[in-house]
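Undergrad: Next come the chains, spelled out residue by residue.
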Amino acid sequence: MPKITYVESNGNSHTVNVENGLSVMEGAVQNNIPGIDGDCGGGMACATCHVYVKDHWFDKLEKKTDGEEDMLDQAYEPKKNSRLSCQITITDDLEGLVVNMPEKQV
Amino acid sequence: MIKTDALIIGAGPTGLFTAHQLKIIGLSCEIVDNLDKVGGQCIELYPDKPIYDIPAIPECTGEELTNNLLNQLKPFDIGFHLGERVDELKKTNNEWEVKTNKGKIFLTPNVIIAGGVGSFEPRKFVPKECEKYEDKSLFYSVKNKKIFDGKTVSIFGGGDSALDWAVELSKNCKVNLIHRREEFRGAKSTVNKIYELQKDGKINLFTKYQLKSVTGNGKIDCIEIQSEDQKVESIKTDYVLGFFGLIMQLGPIANWGLNLDKKTVEVDTEKFETNQKGIYAVGDICNYPGKLKLILSGFHEGALAARACFALARPGQKYRFEFTTSSKTIRDRLGVKSD
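Protein chains in written order, with the numbering used here: chain A, 1 to 106; chain B, 1001 to 1339.
It is worth saying that the hints were derived from the structure and are not from the lab. Honestly, I wouldn't trust all of these hints.
[What the hints assert, rightly or not] Going by beta-carbon spacing under 8 Å, a handful of chain B positions derived as facing chain A:
#1 Val-1126
#2 Lys-1128
#3 Tyr-1140
#4 Gly-1158
#5 Gly-1159
#6 Glu-1228
#7 Gly-1245
#8 Met-1248
#9 Gln-1249
#10 Pro-1252
#11 Lys-1291
#12 Lys-1293
All C-beta atoms, glycine included, are put in the ideal place defined by N, C-alpha and C.
Here chain A stands alone, though its shape is the one from the complex (with noise of 0.2 Å):
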């Protein structure tokens, strides 16, 4: 199980572990780290699980789709590093993935 860090926009951290195959914001949802909401589920249809990922993380991640896109103009201060964590699914080879969530969501 790779270890996720997810560090809340006041540098408050926390380091958990996240089975292969959920999604990073499900990661936050299910051990109850503050900072990602996920309110429509994981259906890329709110922009409530956003986070930023830095350069070198960024660039190891899948591409953006054109609707993930979309919905991060929605987003509370979106910047280029932007992402929906609930488009970013746990694979090994994210082990030790930093996220850093925005400052707030809605």
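Given the structure of chain A, go ahead and fit chain B onto it with the hints provided.
TA: Chain B only, in chain A's frame:
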């Protein structure tokens, strides 16, 4: 003032079926929803996406589900109050006085919250100072386009609302269209129109820019926008419009003295009643051990909450369980002929 046996907050699938259950057992009901149409998340978030887990319906879209639920309500007389948000709830003698943002007042012994994940509100700009210009020179929707005539309007967003208004307002105003990336997600024909208008000098396009700050005195004079590579541009503008879609906020529900857990309301699993007598919560917004956020769970919860409403709406009368297949009373309510 509208008197009713039960008031439902939220016209999503759970709210609609709860209305059906109330009418089947002979209670009156009214439905309020902040959106201007029924269907809730099914219509707002995924009208075209297929749903595969509605019992006995192998596959349907959010829109089809909503239409079917509305069809099922056809025999009944139900008051819909769309585009209104319930703001206040207060107890007056054993009844709840419920007030909407448009000043409408309901008096009812039963309030059923079928609010999904809260009410849909426009996503707002990030800079804090935007708030003080809101509804004066900064808007998230257009109510009267005449006020923009001859002025400079800066429109933010990349979807249909932003593009449609950019095209429309370019007829009588100077328009700046600002979007966080190169690609627009609006209809292709509208996107092409935007590029044409840009060529003709009717629209100034700024892509890969976002709002950094707003300055003015009472009304906006100037905005600063910042690009991904930190380049800042200053633009003189009279008005700012933001179209970033809708987000879901718990909203006023948070102030009604209910036991909350994150964005959900705690209920019992007999009546789906909250810690306040006569206030129930059903569907995605309610929370109890084992809660599943499925539409089918919302239907079950609504059916039970409706029965609980009977006791408060008809004190002294005993609720008698009946099947729709065999009850003449129910068939009369449905307006179908009994054999």
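Undergrad: So, for every hint listed, does it hold in this structure?
TA: Results of checking the hints against the structure:
1. Val-1126: holds, 5 Å
2. Lys-1128: violated, 11 Å
3. Tyr-1140: violated, 12 Å
4. Gly-1158: holds, 5 Å
5. Gly-1159: holds, 7 Å
6. Glu-1228: Given a least distance of 5 Å, the restraint on B:Glu-1228 holds.
7. Gly-1245: holds, 4 Å
8. Met-1248: Given a least distance of 6 Å, the restraint on B:Met-1248 holds.
9. Gln-1249: holds, 6 Å
10. Pro-1252: violated, 15 Å
11. Lys-1291: violated, 13 Å
12. Lys-1293: With a closest approach of 6 Å, the B:Lys-1293 hint holds.
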